[in-house]
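These are the residues of each chain, in order.
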Amino acid sequence: MSTLARVFEATGLVTVALGSMQGQMERTAPPRGLWCDFPLGRPLGKPGDPAFQHRVLAHAFDLVERAAAPTVEHFAEAILDDGVSEVACPLPPRHDPALAPAVDEARGLRPAFDRAVARYGDRTGTGRVITADEVPDALAAFVRVADGMPWREAGIPGAPARVAQDIRGYYETAALALVDHTPAAWETTRWFLHHTEGGKAIVAARAAMQAAGEKTPLWFYLVPNGI
Amino acid sequence: MADRDVKAMTADLPAPAFDDVAFTVPRPLVDATVAIVTSASLHHPDQPDFSPNDVSYRVLDGARRDWVSGHWSPNFDASGFALDPNVVFPIDRLAELAASGRIGRVSDRHLAYAGNQFDLAAIRLDGAPAGAALLKEWGVDVVVLTPV
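First to last, the sequence lines map onto chains A and B. The opening position of the first sequence corresponds to residue 1 in our numbering, with each subsequent residue numbered one higher. The opening position of the second sequence corresponds to residue 1001 in our numbering, with each subsequent residue numbered one higher.
Accuracy of the hints is not assured; some may be wrong.
[Stated by the list, open to error] Below, computed lysine-lysine pairings styled on DSSO-like, alpha-carbon distance capped at 30 Å:
| id | chain 1 | residue 1 | chain 2 | residue 2 |
| --- | --- | --- | --- | --- |
| 1 | A | 200 | B | 1007 |
| 2 | B | 1007 | A | 215 |
| 3 | A | 200 | A | 215 |
No lab work stands behind these hints, which were simulated from the structure alone.
With the hints as extra help, turn the sequences into a complete structure.
Okay, here's the thing in structure tokens:
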């Protein structure tokens, strides 16, 4: 962001950069920076809360008007992730015992995914590599990797990290139809990774790829840092 | 896994070095045209997805609502944007500020880059100047940059 801001400003544009990482913002020193102590992925703070978003923008535009020289300021309100809270979503019961649990589960979540897409759109769900229809088969491929099959032979339908993003997006989008509130940041991710068979399959495949000596970028980015 | 863990693993990434900080004196906001530039890798479904290490940009139509995330990094919460695009791309908030007279107008078009970049020289020398030229062509005065 700071690189863009500096280049833009040098052409005569006026910029104000929001930033979620204090150290990076202070080190890179954009012409006008507003560090907001919010979780990554939510630079305006709170989804569905126009008043909060307006407070962030009000500070940003005040900074535009007040600053007479390059300045980084801090937004007064913080949103902190507790690192443990998760959404409590009901998971579908086993339907077809012949299928791997993750595959069966993904099929069972399809109605919830469709309801969420109908309500919110599909901004972060599937579509990078695979469609919602293809999620169960893609999960079956990760299950095979977790069981020891080399990933190149397992039938993952694209770059493993990108396919894993579609699977995570499918689950987290489905979760939005299974809760009655706006989840805090990372709550749907922790639910996916810790409680669903699909998330467990991705984590297990990641461990198997690491143990098999695959190149780090191939497995590291299957899930967020810190797993 | 916590947000602080994710931030900690990227906190020490090298920062680009600039000799000085450019600084433009703004015109009154009430007369200014404002655009959003985000590093959230947003694009419309009919535009090419971002590739890894993609230093180009996508032009976002502010009147469409079909923005999708093409970010390659798994290291951010995506549920907020899934619920409300304004938490990343505050297009409705800017429209409200224009309606209230706080800012002059909202640009019809905006830009998205890919945030997980390591080749900042290419952004600095190629993608960013090209984007700046477009913004100026559209009559933009003020840019709000939002990260992901």
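Results for each hint:
1. A/200 to B/1007: Holds, at about 23 Å.
2. B/1007 to A/215: It holds: about 23 Å lies between the C-alpha atoms, which stays within 30 Å.
3. A/200 to A/215: holds, 21 Å
Figure legend: structure checked against the earlier numbered hints; every hint is met.
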